[in-house]
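Asks: Protein chains in written order, with the numbering used here: chain A, 302 to 487; chain B, -14 to 509; chain C, 68 to 446.
These aren't lab readings, by the way, just hints derived from the structure by calculation.
Mixed in with the good hints, there may be bad ones.
In the EDC-like style, the derived pairs of lysine to aspartate or glutamate whose C-alpha atoms are separated by at most 20 Å in a straight line are [what the hints assert, rightly or not]:
1. Lys183/C with Asp390/A
2. Lys402/A with Glu211/C
3. Lys210/C with Asp326/C
4. Lys210/C with Glu445/A
5. Lys443/C with Glu445/A
6. Lys139/C with Glu487/B
7. Lys402/A with Glu150/C
8. Lys402/A with Asp206/C
9. Lys262/B with Glu146/C
10. Lys402/A with Glu209/C
11. Lys136/C with Glu331/B
12. Lys262/B with Glu150/C
13. Lys443/C with Asp390/A
14. Lys231/C with Asp445/B
15. Lys177/B with Glu150/C
16. Lys139/C with Asp445/B
Predicted, not measured: the structure shown is a model, and the values here were computed from it.
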Amino acid sequence: MNKTKRSHRSIVVKSVIIVFAMLAFVFVGLVPMYNLICSWTGVTGRTGGPYDVSANQVTDSTRTIQVQFLANNNDGMTWEFYPEIRSIDVHPGELQTVIFKAVNNTNRTMSAQAVPSVSPFQATNYFHKTECFCFQQQQLTAGEAVDMGLRFMIDPDLPRDIDTLTLSYTLFNVTQVAATGENYGQ
Amino acid sequence: MTTAIQGHESHGPAKGLTRWLYTTNHKDIGTLYLWFSLAMFFLGGIFALVIRAELFQPGLQLVQPEFFNQMTTMHGLIMVFGAVMPAFVGLANWMLPIMVGAPDMALPRMNNLSFWILPFAFAMLTSTLFMDGGAPNFGWTFYAPLSTTYAPPSVTFFIFSVHIMGASSIMGAINIIATIFNMRAPGMTWLKLPLFVWTWLITSFLLIAVMPVLAGVVTMMLMDIHFGASFFNAAGGGSPVLFQHVFWFFGHPEVYIMILPAFGIVSAIIPTFSRKKLFGYVSMVYATGSIAFLSFIVWAHHMFTVGIPLAGELFFMYSTMLIAVPTGVKVFNWVATMFRGSITFETPMLFSIAFVVLFTIGGFSGLMLAVAPADFQYHDTYFVVAHFHYVLVPGAVFSIMAAVYYWLPKWTGNMYDEKLGKFHFWLSFIGVNVTFFPQHFIGLAGMPRRIPDYALQFADMNMVSSLGAFLFGASQLVFLWVVIKTIRGGEKAPNKPWEGAEGLEWTLPSPTPYHTFSTPPKID
Amino acid sequence: MLSNKFWRLFAVSILWSISYLAQAEWIFNMTPGVTEISRSVYDLHMIILIICIVIAVIVFGVMFYAMLKHRKSQGAVAENFHENTMVEIIWTIIPFIILIGMAIPATKTLAEIYSKEPSDVTVEIVGYQWKWRYRYLDDDPEKEVSFFSNMSTDQKEIDNQSPKSEFYLLEVDEPLVLPTNTRVRFLITANDVIHSWWVPDLAVKKDAIPGIINEAWTKIDIEGLYRGQCAELCGQAHGFMPIVVDARSPENFQQWLADKQQASMAEASLSDKTWTQAELMAKGETVYQTFCAACHQINGEGIQGAFPGLKGSKIALGPVENHLDMVIDGVTGTAMQAFGAQLSDTDIAAVITYERNAWGNDTGDMVTPQNVIEFKTGQ
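With these hints in hand, go ahead and build the complete structure from the sequences.
Replies: Now the structure itself:
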């Protein structure tokens, strides 16, 4: 009888370890894997953080890339939000600045977070932003209008089969989070 | 197999209601699980009938779209977690100790706990129907942000309820693994185990691997909703697509959890009524293992339209198509078992044969769905609904009914009424096909899932489907009657009512004594 | 053995069924559609279906044969065999080969769908609860045509109070007009929850996910109207946000686009016009039916426990300011959206006027587009 009791323990312990390991795997495995694969491949189009342009960045004037800009409000965000221009032709390696306009047309101070997404996804990791209003939350008081800048460069190594890419910003209302640290949208 | 030697039974079951509350006996707990799952089957079935009643004709006649979404969600949750899974666990509880020659499950008290938290979880889940904002209405697959930012307040109870169900499944699985590994009677080697034991062993491994993933995903939901996290919210750096990957990483193995035990049941019944040993036993074990392994690498076939790059789509398409191979092997083996056998068609055999045919049809629609470019036209339509109902209803549910008819004489000591059993079978067979076959057509014709109202060209097939649903639903009352009638009395059942049956359970008296194999049986 | 006659009859009925299904009308089978991709997908679907049917006939044929011929009641005696490694190998390899045979055309079609080529027209598609917004991208944002596309089926038809029209639930107020024989690129996202944009005749289905932009494309061969639906559960009116594509010749399309540009400039000037109460009420009723009635109901009574009634409500009878705020800014965390971002100033004025005077509310208030502009800028 003792022998049976001891060996149940071994299986139970191993099973419980597997259970907690799989639970942990979700948080420290699956989630980081998803983020890693997304940033590696550029799928879902989430562009990276501030980029340092090297001093001897070469411009490739033989290629012209059309970059289109989209701007949308998420539910709960009512600001006017639009790019000054719909698209621009750039040479890879060349720094460009584009303005997005935002107007807080409500009667209260609000905070916004812009979330970028690039299509086709293969272009995501070749789209480098040196300055972007999406790097931090933007706060506007009632009625305030602002010009938000995006300074970017297309990497000359952009795959040759891409000559048009679209950068879409979705503007989320994060006022409650900014103010009280409470959760988004609720 | 030699005659089993009974141990000295010193007492029968306790008297009164508390017997059921405190029991640690695997037969009692099996009975509790089975009754519970039958009740949930009827509850989930009522929700299905609300759905089919509304879809009987175009236009909104009975319920508002908001409530309709609650019905589809609750129908799915209750059938998956309250009917199918607990029924298989109930069968496991009853039969596994006997099949391996053990006196009970490895951990009888944990077994009791595993069951009793379920009625609590489902009472809580069902009570959400009466809460402000209503029950969960985001589909049983509860994608974010519909299930986080846009969820009704009851979502928190949904999450709690899922945690409890998960805990129950995990504890049950651990119990089963320990029982099968440690408590086999001497001489009961691995390759002598009935296939039902093998399939449940493999299912248990799947359970302990993926139920924690479900727990993880609902915990992330909880954190997003209540604790300011942003796992699935793009504003905070998260992604709704992450939800789908994590959910389906659980979700796909989950559907194999719901079918593997069925394979085991059918692998017991077909040889019995063909009077011939199961063809390709070792092959069947390997095929089951391959299916379980492959189930981990196919999940994104539920997400073909999400925006996955070409290489990813191809990988998941190929891996999903691959699962057809071991599954096909199993079907061929069942057919080969029947071929040149000596077949009779008692009710368990009827359900098992229907399983083989209709599950295979479900498998074919699954293969079609695996083809990613075609899936762009099938995804989120009634074609998918037809597919999974074929594998789950004439698949899993028929196998459960087959098992009940097969082992009812052993459990109760009485033969069930064969005429009534056949009547139940034919009504169910007709009902299930009239309900779900037309759904292939309306799906192909363009009707999306989870809609309370539809365009006129879908009307005829929807009406047919709804009629079938009501027939199928009503037929289950016959099943209930058969079960009750058999418990109360009937022709006395011998140890082995089925001529071709093999296995330790048939060496025991019918009904089985409260305690069995206190002394291990001798296996040759 | 069964007679030859039986087998002939059996084979004929199978072939007949297959050919019937293949040519069957829309109610039984997938549509071949109007693009090269949709036809490719249809052909793939039919090939796989037929292979499955053939395999099923063979396997079930063997099984039914056994059920017929190997019955105990017919005197069959069970044989003893229960394993055969060679057979297991064979029926593992043959299905594997068949699968490879299926995977090749499937890969080819998928690669076609994922091919990258320049597009002449780009349309941004945004899924909302519960409608779609379309924007035709143009280098000059001022010249862009952008509009919402709402289901135009009358609530009365849904409530069975009037007979259902031919395209019940599949009609919209503003279809997506596209040119034929032109590669059109779609940029798809969502405003709130996940939706999915699907038109069967184009074989295009792509999820619309908030915060992420997805891409799809089509090239329509034949002019006509093509209808689709949202294909991802997105809340209560998931079944009520259809899609209509109006494919026209490239010349007609250009003309339509130019006309649309004119019209939106005219719409903008509508807010300058002087409106009468009756005109606002009439327009307001249409706006109400399209945007509000699904929740607040045609009779303004809402749904107990889910959506507040407007008939006799504090908002409709109280200060106009609060009513404007409610409609324009919505209520975060509820189904009441911020319609300020979705409706023109004129539409907002009209619907508020309507709500304040319908169902016996009779406040006599009239809210003009000018009032709306003042409220918005004064906020």
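Asks: To test your reading of the hints: which numbers does this structure violate?
Replies: When the structure is compared with the hints, numbers 4, 7, 13, 16 turn out to be violated.
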